[in-house]
Each structure stands twice: as structure tokens, then as C-alpha cells.
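Asker: Sequence:
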Amino acid sequence: MADNIARVFADAIATNPNRPLLTWYDDATGERTELSGATLANWVTKTANLLTDELALGPGDTAAVLLPPHWQTAAVLLGCWSAGLTVAEKPGDVDVLFAAVDRAAEADAWTAGDRYALALHPFALPLREVPAGFADYVTEVRVQGDHFGAYPPGGPAHATLSDQASARAAELGITSGDRLLVNVDRHPDPLDWLLAPLTANATLVLCAHPDPTHLPTRQSTEQTTHSLP
Numbered sequence: 001m002a003d004n005i006a007r008v009f010a011d012a013i014a015t016n017p018n019r020p021l022l023t024w025y026d027d028a029t030g031e032r033t034e035l036s037g038a039t040l041a042n043w044v045t046k047t048a049n050l051l052t053d054e055l056a057l058g059p060g061d062t063a064a065v066l067l068p069p070h071w072q073t074a075a076v077l078l079g080c081w082s083a084g085l086t087v088a089e090k091p092g093d094v095d096v097l098f099a100a101v102d103r104a105a106e107a108d109a110w111t112a113g114d115r116y117a118l119a120l121h122p123f124a125l126p127l128r129e130v131p132a133g134f135a136d137y138v139t140e141v142r143v144q145g146d147h148f149g150a151y152p153p154g155g156p157a158h159a160t161l162s163d164q165a166s167a168r169a170a171e172l173g174i175t176s177g178d179r180l181l182v183n184v185d186r187h188p189d190p191l192d193w194l195l196a197p198l199t200a201n202a203t204l205v206l207c208a209h210p211d212p213t214h215l216p217t218r219q220s221t222e223q224t225t226h227s228l229p
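According to full-length UniProt numbering, the sequence shown is numbered sequentially starting from 1.
Calculated directly from the structure, the hints in this document are not laboratory data. Errors might be hidden in some of the hints.
Stated by the list, open to error - Straight-line distance between alpha carbons at most 20 Å, and here's what the computed SDA-like set of lysine to any residue pairs gives:
(1) K90 <-> H121
(2) K90 <-> F123
(3) K90 <-> D102
(4) K90 <-> T111
(5) K90 <-> D26
(6) K90 <-> A107
(7) K90 <-> L191
(8) K90 <-> A104
(9) K90 <-> P17
(10) K90 <-> A105
(11) K90 <-> E54
(12) K90 <-> G113
(13) K90 <-> D114
(14) K90 <-> R103
(15) K90 <-> Q164
(16) K90 <-> P59
(17) K90 <-> A109
What the hints assert, rightly or not - Quick list of simulated restraints, FRET-style, between CB atoms:
(18) T175 <-> D108: 17 to 23 Å
(19) G58 <-> P122: 18 to 24 Å
(20) T175 <-> G133: 26 to 32 Å
(21) R142 <-> P229: 32 to 38 Å
(22) Q223 <-> A109: 40 to 46 Å
(23) T221 <-> G113: 41 to 47 Å
(24) P91 <-> G149: 17 to 23 Å
(25) S176 <-> T111: 28 to 34 Å
(26) G58 <-> R142: 29 to 35 Å
Treat the numbers as computed from the prediction; the structure is a model and nothing was measured. Just so you know, even glycine gets a beta-carbon here, dropped at the ideal spot from N, CA and C.
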């Protein structure tokens, strides 16, 4: 079993980095975004470099992630874990905070050294207007390096997350090679829509605001083998 989340992700893409790893649908907007393991890994790498090189953060530091399930959220979370950070679950003091623009007001419950806002735009475009006190995540992350050094040790919290993800994958019946369709509205916990599938070596089809009439076609088109409705 991998001893930290960064290694879980690395193992998940090692065998075939060019296969579709995460496909994102939002039926409210008509968005469909498909990322290979290599593409998602590039976003993760840039995020980790933003944290380590730009902010000098690493193991022992903490992040707040005020983001809904989304492919960019996956990049932020995996980038934090790759840099060795712990993602806090309750408001308090953290070293860095990431928030969706429509949740920027919630950031007042946190004390953070640096704050980044995300529009979660389908094409990852920069924010038209950056909230006061925030930097634009997309603008800042794009200029970061495409290579990340050795993964730092994740520590006990990361090992616990790995164990929880493995146990959750077994509970949900996710097995190696599955292509998993997830209704993220009903499964918003990253343990369900991100970590458990990655730990089980499954690929992801994530659906926000799913339209039930699209389900049969989507299952066929995406060749899904298991669902979390």
C-alpha cells in the first residue's frame, strides 16, 4: 500500500499516463472536460511547485480547500498532498487557502497566509475580476514548472488518508480497472470521488447536476463499469 497520497496518484497514472483518467461533466452548463493522467499530473505538478517554490510550504504546513468537486479541485487537492501539506477540515489557521469565487466570503472563517481564488471555468480561463485579498489560481499556477522533485513524506495524516481510501474503495465495490461514474452531487467527499477510485486504480467520470435522461447514453459512451449514483 502506498504510504502517502502523492504516491497513490503516481501509481494510478504510471502504467498508462495517456489514458483518460478523469472526465468531468456538468449537465447544468453542458460542460465536458477530459483529462489524461499526464494532463492532470501536469496541473498537479504546477500546483505543488506553486506551494513549494513560490510559497516555501511543505510537510507540516496546512491548506484549506473551499472548492466543490471539479477537475480543478482534483488538481488542487493532489497538488497539496504532493507537496506534503495537510488539508484542514475545520476553519482555523492555515498556510494557504483555495476558494471558489462564489465561496470567497467563507474564507473569512480562516486565517491564511496566502489565498487563491478559482472560477472553475470550463477552459480554465483566468478570473475577470479577482476578489480582494486573493490571487488568481489559474494565472499563478500556469507559470510554474512542469517538473516536481522527489515527493516529500506525507506523514501520519497522509497514511491515514491512504488507508481510508483503500477501505472506502472496498466498501463502494470499486476494483482495479473500473471506469467509475460518480454523481458528485450525492458524493461530494473527495474520499469517494477522487481518493478511493485512484487507490483502486480506477478511472473517473464525474457528473455534476446529472440529468437522468443522459445516463444510459453516458454509460455507453464512456464505457463505465461501475456507478455511484
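Asker: Now tell me, hint by hint, if it's right for this structure.
Answerer: Going through the hints against the structure:
1. For the hint linking K90 to H121, the alpha-carbon distance of about 26 Å lies beyond 20 Å, and the restraint is violated.
2. For the given pair, K90 sits about 30 Å from F123 by alpha-carbon distance, which is inconsistent with the 20 Å threshold.
3. Simply put, K90 and D102 have alpha-carbon atoms about 19 Å apart, close enough for the 20 Å limit, and the pair holds.
4. For a cut-off of 20 Å, the pair hint linking K90 to T111 stands: about 12 Å separates their Cα positions.
5. This hinted pair does not check out: K90 and D26 have alpha carbons roughly 28 Å apart, beyond 20 Å.
6. Of the pairs offered as hints, the one joining K90 and A107 holds, with about 12 Å between alpha carbons and a cut-off of 20 Å not exceeded.
7. Taking the CA atoms of K90 and L191, the gap is about 16 Å. The hint holds against a cut of 20 Å.
8. Of the supplied pair hints, the one linking K90 and A104 holds, its CA atoms being roughly 16 Å apart against a limit of 20 Å.
9. Distance restraint check for K90 and P17: the Cα-Cα separation of roughly 34 Å exceeds the 20 Å cut-off, and the hinted pair is therefore not satisfied.
10. Under the criterion of a C-alpha separation no larger than 20 Å, the hint pairing K90 with A105 is consistent with the structure, at around 16 Å.
11. Taken as a hint, the K90 and E54 pair is broken in the structure, with Cα atoms around 25 Å apart against an allowance of 20 Å.
12. A C-alpha spacing of about 16 Å is found between K90 and G113, which places the hinted pair at or below 20 Å, so the restraint holds.
13. Annotation: proposed proximity of K90 to D114 holds, straight-line Cα distance about 17 Å (limit 20 Å).
14. Pair hint K90 plus R103 holds up; C-alpha atoms about 15 Å apart against a cutoff of 20 Å.
15. With a C-alpha separation of about 19 Å, the suggested pairing of K90 with Q164 holds against the 20 Å cut-off.
16. A C-alpha spacing of about 19 Å is found between K90 and P59, which places the hinted pair at or below 20 Å, so the restraint holds.
17. Of the pairs offered as hints, the one joining K90 and A109 holds, with about 9 Å between alpha carbons and a cut-off of 20 Å not exceeded.
18. Between T175 and D108, the C-beta spacing of about 43 Å breaks the proposed range 17 to 23 Å.
19. About 32 Å separates the C-beta atoms of G58 and P122, a value inconsistent with the hinted range of 18 to 24 Å.
20. Look at T175 against G133: about 45 Å separates their beta carbons, and that is not inside 26 to 32 Å.
21. At about 35 Å, the CB distance of R142 to P229 agrees with the hint of 32 to 38 Å.
22. For the hinted restraint 40 to 46 Å between Q223 and A109, the CB-CB distance of approximately 42 Å keeps it satisfied.
23. For T221 and G113, the hinted distance range of 41 to 47 Å is satisfied, since their beta carbons lie about 44 Å from each other.
24. Taking the beta carbon of each, P91 and G149 are about 32 Å apart, not inside 17 to 23 Å as hinted.
25. A hinted range of 28 to 34 Å for the beta carbons of S176 and T111 is inconsistent with their spacing of about 41 Å.
26. Between G58 and R142 the CB atoms are about 22 Å apart, so this pair departs from the stated range of 29 to 35 Å.
Hint compliance for this structure: hints 1, 2, 5, 9, 11, 18, 19, 20, 24, 25, 26 are not met, and every other hint is.
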